[in-house]
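Undergrad: The lines below spell out each chain.
4 protein chains.
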Amino acid sequence: MRYSFANDYCLGADVKILKALVEENFMQKAGYSFDVSSMALRAKVQELVGDPKASVFLITGGTMCNIVAISHLLRPFEAVMTCDSGHIVDHEAASIEAHGHKVIATKGYDGKIDLCALEREYARYKDCHMTKPRLVFLSQSTELGTTYTKAELKAICKWCHERDLFVYMDGARLANALALADCDLSLKDIYELVDAFYIGGTKNGLLFGEVLVIKDEALAKDLYYLLKQNGALLAKGFVMSEQFLAYFKDDHYLKLAHHANVMADGLRKAFLKAGLELYGTSKTNQVFIKVDPLLKDYLAREYEFSQWGKDGDQEIVRFVTSWATPKEVIEDFAKYLEAYHE
Amino acid sequence: MRYSFANDYCLGADVKILKALVEENFMQKAGYSFDVSSMALRAKVQELVGDPKASVFLITGGTMCNIVAISHLLRPFEAVMTCDSGHIVDHEAASIEAHGHKVIATKGYDGKIDLCALEREYARYKDCHMTKPRLVFLSQSTELGTTYTKAELKAICKWCHERDLFVYMDGARLANALALADCDLSLKDIYELVDAFYIGGTKNGLLFGEVLVIKDEALAKDLYYLLKQNGALLAKGFVMSEQFLAYFKDDHYLKLAHHANVMADGLRKAFLKAGLELYGTSKTNQVFIKVDPLLKDYLAREYEFSQWGKDGDQEIVRFVTSWATPKEVIEDFAKYLEAYHE
Amino acid sequence: MRYSFANDYCLGADVKILKALVEENFMQKAGYSFDVSSMALRAKVQELVGDPKASVFLITGGTMCNIVAISHLLRPFEAVMTCDSGHIVDHEAASIEAHGHKVIATKGYDGKIDLCALEREYARYKDCHMTKPRLVFLSQSTELGTTYTKAELKAICKWCHERDLFVYMDGARLANALALADCDLSLKDIYELVDAFYIGGTKNGLLFGEVLVIKDEALAKDLYYLLKQNGALLAKGFVMSEQFLAYFKDDHYLKLAHHANVMADGLRKAFLKAGLELYGTSKTNQVFIKVDPLLKDYLAREYEFSQWGKDGDQEIVRFVTSWATPKEVIEDFAKYLEAYHE
Amino acid sequence: MRYSFANDYCLGADVKILKALVEENFMQKAGYSFDVSSMALRAKVQELVGDPKASVFLITGGTMCNIVAISHLLRPFEAVMTCDSGHIVDHEAASIEAHGHKVIATKGYDGKIDLCALEREYARYKDCHMTKPRLVFLSQSTELGTTYTKAELKAICKWCHERDLFVYMDGARLANALALADCDLSLKDIYELVDAFYIGGTKNGLLFGEVLVIKDEALAKDLYYLLKQNGALLAKGFVMSEQFLAYFKDDHYLKLAHHANVMADGLRKAFLKAGLELYGTSKTNQVFIKVDPLLKDYLAREYEFSQWGKDGDQEIVRFVTSWATPKEVIEDFAKYLEAYHE
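Protein chains in written order, with my numbering: chain B, 68 to 409; chain W, 68 to 409; chain F, 68 to 409; chain Z, 68 to 409.
Just so you know, these hints were derived from the structure itself, not from any lab.
Worth double-checking, as some hints may not be accurate.
Intra- or inter-copy, both count: the list cannot distinguish identical chains.
List of simulated lysine-lysine pairs, DSBU-like, C-alpha gap at most 30 Å [claimed, not checked]:
| hint | residue 1 | residue 2 |
| --- | --- | --- |
| 1 | K357 | K174 |
| 2 | K193 | K120 |
| 3 | K340 | K255 |
| 4 | K193 | K111 |
| 5 | K199 | K402 |
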């Protein structure tokens, strides 16, 4: 069978995380994330973001985080702004529109929001015949594997808050950003800057689970009702908490993400060595690369990866590494790629 | 007070229509459009579209028509496609999204759908991670005053129906299209081609009211429930029917629209004579014109009109005539415009 | 043709109201209720409720008022409480549920809310596994023609506000309550007590139209967006305002409602004289009466009225009078009824 | 710490199920339940229900199953009927209403639908001013631990299908019903009778997960879109499938449920021996018992259980056993209860 670089959610859980789950398996706990593990997890996240009053929720997946957070923050006639590569634009089955809100996508660059484009578009919304932009959605790391710097995030948040717009961060691959050596944004910084965000678990070694953080206690008021109403309140919430406690213990989540990033660096190195051109500037665990059809077929014989788009004649494909990608697989891949050019 | 060319809904009703209303005022009738006038109106519309089985509904306004028809035709995860100037894109407060459906806008030309652009975009929707396009929305006459020919509409409908997409026509200014001398599309043609459309009354001489027509009896099943549920089932439905009976009698609606078109021709002639450049190719009752700031100010001293957009340095403004625009007003306007250049 | 007592919306408009509309017909006005008539109407309503800061909106019908007001006041997981005869329970096609909110109906008496029953039910809602009651809906006059006294309304509002519940009043037939000689509730009282209410026009002499009043400027924030988004912002808002200005001028609305009430008294008198038993204690324009099948058939030969329910063997039927019911019709009816017993 | 009889979802997973998960942990699989385990699971369920064309979906929890299935089957104005103890009535935060549908609850008996009460209520829905009942919701085993016989289910389904109503079964505790010695309903029977149902995993030994089964391929069309749009399409769907394969293997799910039922029988026996009165006729893993306040306090010292309701002076409390309840715990409980009366 071919090795898959198709995504970072193709295996079960990291060993430490799975072990935590197994060890706690026969402990009786309360339902709906009101148990001891969930309480400990909340305290841990509050410590990580530096605010004992941060509101913390356990949610099974990223699409659900986005639905719940956005439904919670917006009134029916309010809209979300984001850039064209934003995950909610084309990859979540129009779930935001299904929950009543227009998603306004402006041209981004390298997977990130272009504040000028955003401002130009924002200026068009003037009266009740149009929708009312109220929240800016961004991803860290982005859908193209790039990351916002502290200065960039600050500028966006300042611009938003001056206009009474919320900032919400999709953190499906947040750990991959945080684990970068040159990342100048900590969880505390993010918590201080944005209004709500989630820390992804599914794509970084959990069986499933994300942690939604809402900044303000008042802002999070009654969110449990919305969770329950959307079928998002898992009966055995502790199954997520137990995993997340192991995830956050001793910065294990950063180590997992670091590994994924390093493996991706290995891929990038191999591609560059083979004279190929990277697409975009990702330094995290997603690798975008331009290939011609012949090479694509050659790679596809041994590896799974995904079609991303086109750039003129060339196709852009995506390789994703994860916490679980073995070093040997990367070495083998490099050899296999090298063999093509011989 | 300045004369207003701001829109075609700034007066009450045409005299004949108002008279019909007044004459029927003291006749006891059944509620919710199940009365004799509404039945007569349905028969009249069925005659006009050439099908005694056409389903006909009375609705107070155009936004409500669009909401009800689209909500009725689509399942929750299905989406609407249209061109960027489509009224539902930016002028109805994201009501389609509020009712759960994504609106996908592709680049149009001269207010009309560009089938190539539509096709390119359509091809992107492939699986359940994206929304599912299911209906194409177009306006006749368009938001830029232009009109689809029979050949154009046929091509769009053929393309749509081959892909199991509904075609829905917003006819807020349908009469203005039908009243053009060179219009080769009759109500019967439209009924045959599209799946649903509405014939606007509000912008062509009614106090208010639109007639929604759904092609297929089966397709219209249970639509009354949706009307009631959306607060769109007027208690005194006969107030709309009585007006519409006078509207359709002896093609009065076409005469009203013809007058509006002719008055707009008068404006266009005056603008061209003054050496100004029209924006787009409208031949109906909306006139788009490029003006410089000085001229704009000069015109605004005596007339109301609306800001439309920009084309480089020049502003595009819109003048709208109606069934009620007096010939003398157009003559005066022409003189006033002429005076500017002297 | 039989004379209809089926409802109070079976004719056009009162003469004074229609005249106002006709007189203003050719005045150019701004769209979407931002015109001079609508501004004057807002000032008039503000005067009537005694607060120059009251927020006033023009809406085409009662179901739409209820949808918009309730959607505006509640968050997605919040619910409405009312009594079992409340109009939203069974007569508006589950429009409140369609807009996302549970309607909790408790047993009422004589068409009114029983605060004990409400309290008992309210006590059951405790956590996020259930919905969260947030608004109490009541009608004045009620669906059974009865009315709340000032003391009753005060008690309900006090109870609600102590629990952070909004009070919303459906005033489809509010004028009929206000016009009663023994009514101790003025528009000012109502405005002071409840959070939002509407003053019905459709059932008391307008072609169509209701006035929604929201108490607090902050509470009404952005409601225009919701109106537009729900297709409830009529292009020619002035058509409603012009009618309402005549409606409120010199308390004309109270005179219209008084007439309807007096005509209903005539019916009640006739029924009692004929030895029939009234159902409930309505003193407004709805008359509920118990009849046996033979009498029902006899009445149905000459008059339209509606089936209401059953009380053991006997049927309860409803007769509705209006601003337009001629005195002679009531006299003839009394004779016709008398003839039955001879 | 007290032993908890509060619910059947207070531990992790059954050992065999957990083992299956651990064993498969490092196998690369496709996302979103399109992997080999999910395909095998679908085949297994199709075998169990006796139809290779049954549509099978993996969903994280019961509330989500109910939301997705009901949203999928109903049009916006259609309603659900059930009995007053139905889980969607009071225990799922009005999620069905939040998704647009009225829930009509009629008086049931012993946790089950009373077809006479249902019929009486159904007869009231006649026109578009009310909602349109379209689906009947029932639970097996019920919220009171009781079960429908084949004859009962047949009668309900026949009545429903004659009226074009869907039947949907909530099977959160379906295995507990199937595992009863005198249960005459197999999975095949259920599949044949109802239109859609789910087989619960969460309450019978899975970490989480339910299997939604839709009878007809056509009926299930496009349901994946709805799953994705509601945030219900888990990235690692295989985490559920792997558990479910172990669950269904060699009827393990029936053995787990049988154990829970037998432990509940132990409790019932102990209660009866102590002279207490059972509430209702549950033979599955939920035990409802009438207790006086003193006994309740005594039991609460050592055990957790839940408050259910009142019956006059006495309180009704609920004890729930599970696949994991140790026999010794039941024996100890019996002794503890006995000690109270000495």
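Undergrad: When the structure is checked against the list of hints, which entries are broken? Sort them ascending.
TA: Checked against the structure, the hints that fail are numbers 3 and 5, while the rest are satisfied.
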